[in-house]
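So the sequence lines, in the order shown, correspond to chains A and Y.
Using the numbering used here, the letters of the first sequence map in sequence onto residues 2 to 276.
Using the numbering used here, the letters of the second sequence map in sequence onto residues 5 to 420.
Keep in mind that the hints were calculated from the coordinates and are not lab data.
Please read these numbers as outputs of a predicted model, since none were measured by experiment.
Any given hint might turn out to be false.
Keeping only pairs whose Cα atoms sit at most 20 angstroms apart, straight-line, the calculated EDC-like set for lysine to aspartate or glutamate is [to be verified]:
1. K148/Y x D274/A
2. K143/Y x D274/A
3. K418/Y x E392/Y
4. K40/A x E124/Y
5. K210/Y x D157/Y
6. K142/Y x E29/A
7. K65/Y x D38/A
8. K143/Y x E124/Y
9. K167/Y x E29/A
10. K17/Y x D66/Y
11. K309/Y x E270/Y
12. K238/Y x E270/Y
13. K44/A x D335/Y
14. K142/Y x E23/A
15. K141/Y x D188/A
16. K11/A x E218/Y
17. K11/A x E104/Y
18. K143/Y x E29/A
19. K259/Y x D308/Y
20. K44/A x D282/Y
21. K230/Y x E70/Y
22. K17/Y x E23/A
23. K141/Y x D77/A
24. K147/Y x D274/A
25. K185/A x D32/Y
26. K142/Y x D274/A
27. K154/Y x E202/Y
28. K40/A x D163/Y
29. K376/Y x E358/Y
30. K11/A x E252/Y
31. K141/Y x D274/A
32. K343/Y x D308/Y
33. K141/Y x E23/A
The chain contents come next:
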Amino acid sequence: MSNGHITIIKPKKLFSLSDLKEVWEYRELLYFFTWRDLKVRYKQTAIGALWAIFQPFMTMVVFSVFFGGLLQIPSDGVPYPIFVYTGLLFWQFFSSALSDTSNVLITNQAIITKVYFPRLLLPLSSVATKFMDFAIAAVILVGMMIYYGYTPHITGLLIIPLLLLITFMASVGFGLILASINVKYRDVRYALPFFIQILMFVTPVIYPASIAGKYSWILALNPMMGVIQSARAALLGTTVLNWTLIGISLAATTILMIFGIYTFKKTERYFADII
Amino acid sequence: MEPIITVKNIGKKYNINHQKGGYITLRDIITNAFKNPFSFLKTKTKNILGIETKEIFWALKDVNFEVMKGEVIGIIGRNGAGKSTLLKILSQITPPTTGEIRINGTVGSLLEVGTGFHPELTGRENIFLNGAILGMKKKDIAKKFDEIVKFADIEKFLDTPVKYYSSGMYVRLAFSVAAHMDTDILIIDEVLAVGDAEFQKKCLGKMEDITQKEGRTILFVSHDIKAIKQLCNKTIQIGNGQIINFGETENVVEKYLSISNDITLEKWENNKNEFNNDYFKPEKFYISKEKNDELSINLEAIIDKIDNSLTVGYALYSEDNTLLYWSYQIDGDNTDIPKLQIGRNIIKSIIPVEILNNGRYTIELIGGIHNKEWLFEPNKGNPTLTIEIDRKFNTSHLWTKKRPGLLAPTINWKNK
C-alpha cells in the first residue's frame, strides 16, 4: 500500500539520529529554499548578482583608504587591500549567514505554522545562500591575487574547504542558538546587528592578529580568528600555517554546532505554538 | 485490516500565558527582575521547584480514533473546539503533549492554500517551490506540471510573478498544486472557503475524484456541513478538546445540528420573592428546547387581577448591550394573543435564532401596565438570561465565521 512508510508522532524527544536522516530525505526542499532566496534577492535588486561583489568590494576600498592608507594599520607585509579583502570575504560570509540564520524562524513563520518539514533546513538554506555570495565575491579575490602576483601553494588551496567548513559550523551553530532565543524573545533581533558589528572588531578582519602580541592567544578563542588568519597564511603566505590554531577552531565550532542543534531542537518542540 | 492512522490518548497542553499572545521581550524580563527582585526570585524558585501554579489549558485531551485506508473523515466542531490543534498535531507542525499517533503512509497537509507562495516568483516557479514545500519530489512536480496548470487555468500567466495575479488566479493555482499532491493521506483544513462558486464546485469535484477514484485517505475539517455531507463517509465531532461523536456522517451531523446539544439553557426562579404585584408576579423565567430544535422563552407567573393593558415580554440585547428588540405577549393578531387567567399562567414564544449572529445575547424580562406603570422597567435589575448563539444555523458555505453586523438573518434569494 504505502511503500512501508511509517510515521510515528509522539511527544518530541530531544535528539535522535533519524533527524539527520530526515534532513537528507528533504534535501530537495533545501535546494528549493536556497534557490528561492537567491532568485528573489537577485530579482529585487537592479544590479542582481553584482550586489554580492559590490558590497565587499566597496567596503574593501573604504577600509583600504582609511585603515590601510591614513591609519597605516600593519598588514603582515602584504598590500593592505588584499589583506583586508581576504578577511572581509570570510567575515561577511560568517556575519551575514549568522544574522540570516538568527531571523530565519521569524521570516518563515507562515510556512512553519502550516507545513511540516525538518526545521533545520531553514538555517541550512540561509547559510547555503550566503555561500553563493561568498563564491561570487571570491572572484574579486582571485583577480586581486593575479594583480598583486600571489600564487597560493597547494596545501593552501586544500585548506580552504576546511576553513569554509569551520565558518559554516560557526555561523550555523551560533545562529541556531540565536534563532531559538529570537523566537522566544522578540526584541533580541534588534540588538543583533549591533552585536555582530562589535564581533567584527574583536576579530582580526581589519588588523592582523599579530597586533595583540603575546596576548594573541586570547583572540584564538574566537573561531573566526583562526579561519581568517589561516586563510591569509594559505593564500598570501603572511605567516606559516598554524595547525594548532586550526585544530582549536575546528574543535570549538564543532562544540558550538552541537550545542546549537541541541538548543534548536529543544525550542523546536514548542515554537510553532508561540511563533 | 490494519488502520492507516491510529490515534491513541492524544493530548495537547498549553500554558494560558502563552495563549494570551503577545510576545515576551527580554527587556521586559530584565526590567521586571530589577523592579521587583523579590517576586522575580519567588517565581523563579517556584519554577525550579516545580510548585508553580501555572494556569494550564488542555486544547485536546484523551483523543482516540482509528482511520482505515480509503476513508474520508470529516471533522466538525465549534470554533476553539480543538479541530485545528488536532490537525496541527497530525501534520506534525506541533508535537502532542501526551499519547501517540501511528501513521502507515505518507502525509500531505493542506492547512492553507498557497503556503510558501512567494509574490516575486512567477507562477511556474511557485508551482515548484510550493510543491516542494508540500513535500513533493521535483520529478513528480515536473510530471504533473501540465495537469496542475490546466486545472488552475492560468496557462497565459505562467511566467508572470504571482504578485500580479488576481486573487482568484492565485487561489486556483494554489489549490491546484495542493490537489496534485501524491500522498497516501491528505489532511485538509477549510480550503474550500476560497474562490468563486464555480471554482469551489470544481474543487469539490476534484476532491471527490481524489477520494473515490484514487482511494486515498482524507481528513477534512470544515464548517461547511454541505461539503462534509457530500465528501465524507464518517465524521468526528470535537468539542472542548474531546471527541463527542464519531460515526456515520449522517448521524453525527444530525446530532451536531441539533442546537441544544451543548447549549446551556438558563433558568431564573423567583427564590427571593421579588416583583410582588397583583397583575403579574413572575415565578420562573427560562429558555427551553422544543421538539423541532427550536428554542423558546418561557414566562411563568401568578396573576391575581386581570388588566387588559398588561404587556409582558422580553428585551433582547447583543453582547455590547445594544438593544435589538422588545417583544410583548400582545404583539400578535387579536386571535393570537394568549388569554390570561387568574392563577398560574405559562406564556411562551419561539426565539428567532435564525436572525441572530454568533455571540452571547442577553434576554431581559420587561413589562408593565401600558401607559400607566412599569412592573419590570428595562435595565432596573429585572431577571435576565443569557444565550450563546453559535452560527450553525447558517447554511452558506462561504461564511463560516461570525458575520459583520448585529444580526445575521438567513434570507433566501431567487433569480427572477
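Now for the hints, and whether the structure bears them out:
1. At most 20 angstroms may separate the alpha-carbon atoms for a hinted pair to count; K148/Y and D274/A exceed this at roughly 34 angstroms.
2. Pair hint K143/Y plus D274/A does not hold up; C-alpha atoms about 33 angstroms apart against a cutoff of 20 angstroms.
3. Straight-line distance between C-alpha atoms of K418/Y and E392/Y comes to about 31 angstroms, which puts the hinted pair past the 20 angstroms bound.
4. Restraint check: the Cα-Cα separation between K40/A and E124/Y comes to about 9 angstroms, which is no more than 20 angstroms; the hinted pair holds.
5. With a C-alpha separation of about 14 angstroms, the suggested pair K210/Y and D157/Y falls inside the 20 angstroms cut-off, and the hint holds.
6. For the hint pairing K142/Y with E29/A, the CA-to-CA distance comes to about 7 angstroms; that is within 20 angstroms, so the pair holds.
7. Restraint check: the Cα-Cα separation between K65/Y and D38/A comes to about 40 angstroms, which exceeds 20 angstroms; the hinted pair is violated.
8. Distance check on the hinted pair: K143/Y and E124/Y sit about 23 angstroms apart at the alpha-carbon level, beyond 20 angstroms; violated.
9. The hinted pair formed by K167/Y and E29/A fails the criterion: a straight-line CA distance of about 25 angstroms is larger than 20 angstroms.
10. About 11 angstroms separates the Cα atoms of K17/Y and D66/Y, which keeps this hinted pair within 20 angstroms; it holds.
11. Straight-line distance between C-alpha atoms of K309/Y and E270/Y comes to about 29 angstroms, which puts the hinted pair past the 20 angstroms bound.
12. Distance restraint check for K238/Y and E270/Y: the Cα-Cα separation of roughly 33 angstroms exceeds the 20 angstroms cut-off, and the hinted pair is therefore not satisfied.
13. A hinted pair counts as satisfied when its Cα atoms are at most 20 angstroms apart, and K44/A with D335/Y does not qualify at roughly 69 angstroms.
14. Distance hint between K142/Y and E23/A is fulfilled; the C-alpha atoms sit about 17 angstroms from each other, no more than 20 angstroms.
15. For the suggested pair K141/Y and D188/A, the alpha carbons sit about 38 angstroms apart, so the restraint of at most 20 angstroms is broken.
16. Only pairs whose Cα atoms come within 20 angstroms are accepted, and K11/A paired with E218/Y is rejected, the gap being roughly 29 angstroms.
17. Distance hint between K11/A and E104/Y is fulfilled; the C-alpha atoms sit about 5 angstroms from each other, no more than 20 angstroms.
18. At roughly 10 angstroms between alpha-carbon atoms, K143/Y and E29/A fall within 20 angstroms of each other, so this suggested pair holds.
19. Proximity of K259/Y to D308/Y is assessed by CA-CA distance (about 43 angstroms); at most 20 angstroms being required, the pair is judged violated.
20. With a C-alpha separation of about 83 angstroms, the suggested pairing of K44/A with D282/Y is violated against the 20 angstroms cut-off.
21. In summary, the hint linking K230/Y to E70/Y is not supported, as the alpha carbons are separated by about 24 angstroms, beyond the 20 angstroms threshold.
22. At roughly 27 angstroms between alpha-carbon atoms, K17/Y and E23/A are farther apart than 20 angstroms, so this suggested pair is violated.
23. As the CA atoms of K141/Y and D77/A are separated by approximately 51 angstroms, the hinted pair breaks the 20 angstroms bound.
24. For the suggested pair K147/Y and D274/A, the alpha carbons sit about 36 angstroms apart, so the restraint of at most 20 angstroms is broken.
25. About 12 angstroms separates the Cα atoms of K185/A and D32/Y, which keeps this hinted pair within 20 angstroms; it holds.
26. Proposed proximity of K142/Y and D274/A is contradicted: the alpha carbons are some 30 angstroms apart, above 20 angstroms.
27. Our distance criterion of 20 angstroms between C-alpha atoms is met by K154/Y and E202/Y, whose separation comes to about 16 angstroms.
28. Proposed proximity of K40/A and D163/Y is supported: the alpha carbons are some 14 angstroms apart, at most 20 angstroms.
29. Annotation: proposed proximity of K376/Y to E358/Y is violated, straight-line Cα distance about 34 angstroms (limit 20 angstroms).
30. As the CA atoms of K11/A and E252/Y are separated by approximately 28 angstroms, the hinted pair breaks the 20 angstroms bound.
31. Between K141/Y and D274/A the CA atoms are separated by roughly 28 angstroms; this puts the pair beyond 20 angstroms, and the hint is violated.
32. As the CA atoms of K343/Y and D308/Y are separated by approximately 14 angstroms, the hinted pair is consistent with the 20 angstroms bound.
33. Taking the CA atoms of K141/Y and E23/A, the gap is about 14 angstroms. The hint holds against a cut of 20 angstroms.
The structure is inconsistent with the numbered hints 1, 2, 3, 7, 8, 9, 11, 12, 13, 15, 16, 19, 20, 21, 22, 23, 24, 26, 29, 30, 31, although it conforms to all the rest.
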